[in-house]
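Trainee: Sequence:
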Amino acid sequence: ETLLDTVNNILAMKVDMVVMRHPAPGACVYLASRIPANIINAGDGTHEHPTQALLDAFSIREKLGDVAGKKIAIIGDILHSRVARSDLHALHTLGAGEIRVCGPAALLPQDATLAGCVTGDDFDAMLEGVDAVMMLRLQRERMEEGLVASLDDYHARYGLTSERLRRAARDAVVLHPGPINRGVEITDEVADGPQ
Numbered sequence: 001e002t003l004l005d006t007v008n009n010i011l012a013m014k015v016d017m018v019v020m021r022h023p024a025p026g027a028c029v030y031l032a033s034r035i036p037a038n039i040i041n042a043g044d045g046t047h048e049h050p051t052q053a054l055l056d057a058f059s060i061r062e063k064l065g066d067v068a069g070k071k072i073a074i075i076g077d078i079l080h081s082r083v084a085r086s087d088l089h090a091l092h093t094l095g096a097g098e099i100r101v102c103g104p105a106a107l108l109p110q111d112a113t114l115a116g117c118v119t120g121d122d123f124d125a126m127l128e129g130v131d132a133v134m135m136l137r138l139q140r141e142r143m144e145e146g147l148v149a150s151l152d153d154y155h156a157r158y159g160l161t162s163e164r165l166r167r168a169a170r171d172a173v174v175l176h177p178g179p180i181n182r183g184v185e186i187t188d189e190v191a192d193g194p195q
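Taking the numbering used here as reference, the numbering of the sequence shown is continuous, increasing by one, and the terminal residue is 195.
Hints are computed from structural coordinates only; laboratory data are not their basis.
Please note that the accuracy of each hint is not assured.
[Stated by the list, open to error] Derived Cβ-Cβ restraints for the label pairs, each shown as a range:
1) D153 - H92: 39 to 45 Å
2) G183 - D5: 38 to 44 Å
3) G65 - V19: 26 to 32 Å
Note that this is a predicted model, so its numbers are computed, not measured.
Idealized CB from N, CA, C, for every residue including glycine.
Starting from the given sequences, assemble the full structure and let the hints guide the process.
Mentor: Okay, structure coming up:
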């Protein structure tokens with residue numbers, strides 16, 4: 001059965017909207033041009049995850065009052081993250097004051113994805129004074145071997161600890177789209193903490 005067959009079976013129930021997550025980039029666009037129902041993209045491959053970006057923007061607004069003018073750091077595996085791509089679009093659109101993107105050079109896109117962002121691999125420097133920190137997991141299922149030396153090395157360089165979090169603004173909010181790799185990109189203390 002094709003994707004179109006599956007969705008046509010669902011449409012037989014007279015739905016007006018299909019919320020879908022699919023491993024193939026562009027699957028939502030493909031369906032949107034072939035069916036009469038509205039499509040909500042809940043993640044397609046490594047391409048986009050707009051529903052998560054809306055949740056992240058809402059969370060920032062809920063905790064900080066607005067996205068506009070805020071300094072926001074996105075840390076981790078940006079290259080393989082559909083969340084990062086959608087968040088960057090949302091944050092730019094909503095007027096974030098500064099978007100900092102940090103991770104190992106091998107995990108930062110080399111195309112126009114990061115246009116308008118401050119980029120680097122010095123996590124401690126990137127945390128200075130930010131209003132929000134978004135931690136992303138290493139997406140090892142999408143990686144080639146050798147993109148990071150080891151999980152311990154990655155944690156030492158890019159793991160968010162309570163000590164590191166003190167570099168951010170005092171009321172900084174910590175976001176993570178999940179699933180969390182505790183002890184890799186974020187410690188238990190921060191993951192379960194008040195921020």
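Trainee: Hint by hint, say whether it matches the structure.
Mentor: Each hint, compared with the structure:
Hint check: D153 to H92, Cβ distance near 31 Å, so the stated range 39 to 45 Å is violated. Checked against the hint of 38 to 44 Å, the C-beta distance between G183 and D5 comes to roughly 43 Å, which is consistent with it. For the pair G65 and V19, the beta carbons lie near 29 Å from each other, so the given range of 26 to 32 Å is met.
Comparing the model with each numbered hint stated earlier shows that hint 1 is the single one that does not hold.
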